[in-house]
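**Q** Residues per chain are reported as follows:
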Amino acid sequence: MKPRDALPPARVDAGALDAALEEWRAALGPQWVLSGKASGLARYRDDFAPDAAQSRAPHAALQPANLKQVQKVLEIARRRGVPLWPLATGRNLGYGGAAARQAGVVMLDLQRMNRVLEINEALGYALVEPGVSHLDLQRELTRRGSALTAAPPAAGWGSVLGNLLERGHGYTPRAEQFDNLCGLQLVLADGTVVETGLGARERERGKPRAVLPWRHGLPAASLFGQANFAVVTRLGLALTPRPAVLRAYRVSVAAEDDLRVLVERLRPLLLDGVVAPGGVIVNLLLDAALVTTRRRLGGDSGPLAAEARARLGAELGLGAWNYHGAFAGTADSVAGDAQALREALRGLAGARLEFEDGTGSAPGVALHAALARGVASTEAHAVLDWVGAGAHLDVDTSLPLRGDAALAAFRAHQALCDEHGLDYLAAFQLGPRDLRHRHLLVFARDDAQAGARVAKLYRALAAAADGRGEGVLRTHLDFMDDIAAQYAWSDQAWLRTCESLKDALDPGGLLAPGKSGLWPGRGGRKRD
Amino acid sequence: MLDRRTFLTGALSATLLAPALARARVSAASTVRVVVDGGCEDARAFARACGLSESAHQDAASLAATLEDMRETACVGLGRDSQVFVLTRLLASRGYRPVYEGRHELVAARTRHTLRGARDAVRTLATALADAGDAWPRWLATAAPRLAHAASLEQATARTVSGLAARGDGPGLLVSWCLLRA
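For the record, the sequence lines run as chains A and B. Per this note's numbering, the very first residue in the first sequence carries number 1; after that it's consecutive. Per this note's numbering, the very first residue in the second sequence carries number 1; after that it's consecutive.
Everything labelled a hint here was simulated from the structure, so no lab data went into it. In this text the structure is predicted, and so the values were computed from the model without any measurement. Backbone N, C-alpha and C fix where the C-beta goes; we use that ideal spot for every residue, glycine too. Mixed in with the good hints, there may be bad ones.
[Claimed, not checked] If you only want the chain B side, here are some residues facing chain A, beta carbon under 8 Å, derived:
(1) R5
(2) L12
(3) E54
(4) A56
(5) A60
(6) M70
(7) R71
(8) E72
(9) A108
(10) A109
(11) R110
(12) D134
(13) W139
(14) V161
(15) G172
[Said to hold, decoys possible] So these bits of chain B aren't anywhere near chain A, every CB distance computed over 12 Å:
(16) R4
(17) S30
(18) A49
(19) S53
(20) A61
(21) A65
(22) R103
(23) D131
(24) A156
(25) G170
(26) P171
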């Protein structure tokens, strides 16, 4: 994967832009159209940009309050030919934050659309607008005394809708956010409002019971994840009742190479459903970074040596790998599942099983217990302190649920980190059949050289992962074209299919040009 | 060693926090939210100097809820960079703007302070911190509210070094701040 030059700004006719701004001010109210130096546009940046010199400055930002205003914004953008970059809360840190793919677009900021429209206690779902964060949803559930919970990601201050569409994950048994999708409301570039679920029925008239993600015909909702075909203005989200009993636990193994056997022991339990998806195998440094910093461990630069890592693990009570999981159900089922796990671990030298009892334990145990209960917080950001004023760039890949695959990925990433002078902080999330390897490249955000080094390392890691047959699942704005190019089988058949859809649904190329490597004009308008 | 991050927080009368607030944009009748990292001694010393009870612990989830409901005129504190990063952005959406930020970094067994805020206030504070030794968090608690005079963060930067290192349980970098409701 070769470094790419920074993209030029989107070409927008200055006269058309000025005219559009005037019309948007009239439509939204002048205070909801930000433009000019002192307007607050600085918010639309990537706080964790590895290449801080690359400008992603937008021309302006629009803050509509409702569906009608979104339609009006699109109508003006279409007529004036001004591209928009939709944004929910802009907290997808590690992947681009509140920034657009290229400079010169106009941000379509949906933060003011922040209503929890419905919580259906009996059927277990919520209808939320884009500006609702997991913290907001949790607060509303608490206010209502609800018995339901969502599956918040580690950083719970971002948009529920945005996290789901960007393929985030939680830590409850319904960890895969996209599996909780129960219908979307979309606005196409031509202003048409579409319901992907049951809300499309004439009798429901866009006021859906969010009990199914699909209905008769094309199951369309998944087309809108990580995509730029429409503006998503409402999400139906499945919620789950809190279990009668939830028992969080940690399995730690002593040696780094024990990752292989740990995955092998857990796999049958995952396939059987004894261990639920949502558990995560965290490496020593990622758990340790919740409570300590690189500086405290001596020396300010370079990766921590193996001996120092071992000492740190002993001091904090952490294994080289720490599987954080939770059993949920009735007292009997939880006891049975715990026994099955004990038996699966029998004979595994150096393995330790520890149940969370609320009295304090090794770093990460209490945090993951809270996440397994569906508690949203911002505690996980603590790992950024590892390097002082930290940022992270994430490598997020999928590999088969096999111990040898996990070990190969770990060794390759550790070796490249050593080569590039960075600590390896990572976790493997276990699905029923795959492992998600999420590697946080943590670097000092005020250090341009560190950012450049991390970008170089990212490219090396992504290329090596591609070579091992792993698929990158999410990526930062800087690498979207490169990662899209990895899915090139059959003469880029998938990308070409997506480009056809893009041009059919958004022929003017108004919405999020370049998102996920998808450009308008059959990809040809990339650098216009 | 704590197994997770905790915070000390409380809403204090501006006059209790510092008389200087009465002369600043924060009126004596208003209250100020104080938030500090509960896991390191320098931050706890700051909390004590503000008159904050050491029993006022919150975890990250309950702190976020507290901030969502915040009504105080100003928010001041001392904590880790990641906490300040999140806090300033959460409060920005509620109309709070930074008027002062200080970075207190452990360098070669001394604490290097880099302060940004109103020109005269940060210079006065820098002078005080230079002579403060390991009591710098107490000096900071006394002086930082004066920085609420500032209209923006960009007015001036002052740097100084305290003679003694921060206590050993700190992260190596602490950040102090003052946010004012617009």
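**Q** Would you mind marking each hint as holding or not holding in the structure?
**A** Verification of the supplied hints:
1. R5: Where the cut-off is 8 Å and the nearest Cβ of chain A is about 5 Å from B:R5, the hint holds.
2. L12: violated, 23 Å
3. E54: violated, 18 Å
4. A56: Where the cut-off is 8 Å and the nearest Cβ of chain A is about 18 Å from B:A56, the hint is violated.
5. A60: Interface hint status for B:A60: holds (4 Å vs cutoff 8 Å).
6. M70: Hint violated; B:M70 Cβ to chain A Cβ min 13 Å, cut 8 Å.
7. R71: violated, 16 Å
8. E72: violated, 19 Å
9. A108: violated, 10 Å
10. A109: Not OK, violated: B:A109 not within 8 Å of chain A, min 12 Å.
11. R110: violated, 14 Å
12. D134: Where the cut-off is 8 Å and the nearest Cβ of chain A is about 17 Å from B:D134, the hint is violated.
13. W139: violated, 23 Å
14. V161: This interface hint is violated because 17 Å lies over the 8 Å limit.
15. G172: It holds, given that the least Cβ distance between B:G172 and chain A is near 3 Å, below 8 Å.
16. R4: violated, 5 Å
17. S30: holds, 25 Å
18. A49: holds, 23 Å
19. S53: holds, 21 Å
20. A61: violated, 4 Å
21. A65: Not fine: 6 Å to the nearest Cβ puts B:A65 too close to chain A.
22. R103: For B:R103, whose nearest Cβ neighbour in chain A is about 8 Å away, the distance does not exceed 12 Å, so it is violated.
23. D131: holds, 25 Å
24. A156: holds, 19 Å
25. G170: Not fine: 8 Å to the nearest Cβ puts B:G170 too close to chain A.
26. P171: violated, 4 Å
Hints 2, 3, 4, 6, 7, 8, 9, 10, 11, 12, 13, 14, 16, 20, 21, 22, 25, 26, counting from the list given before, are not met by this structure.
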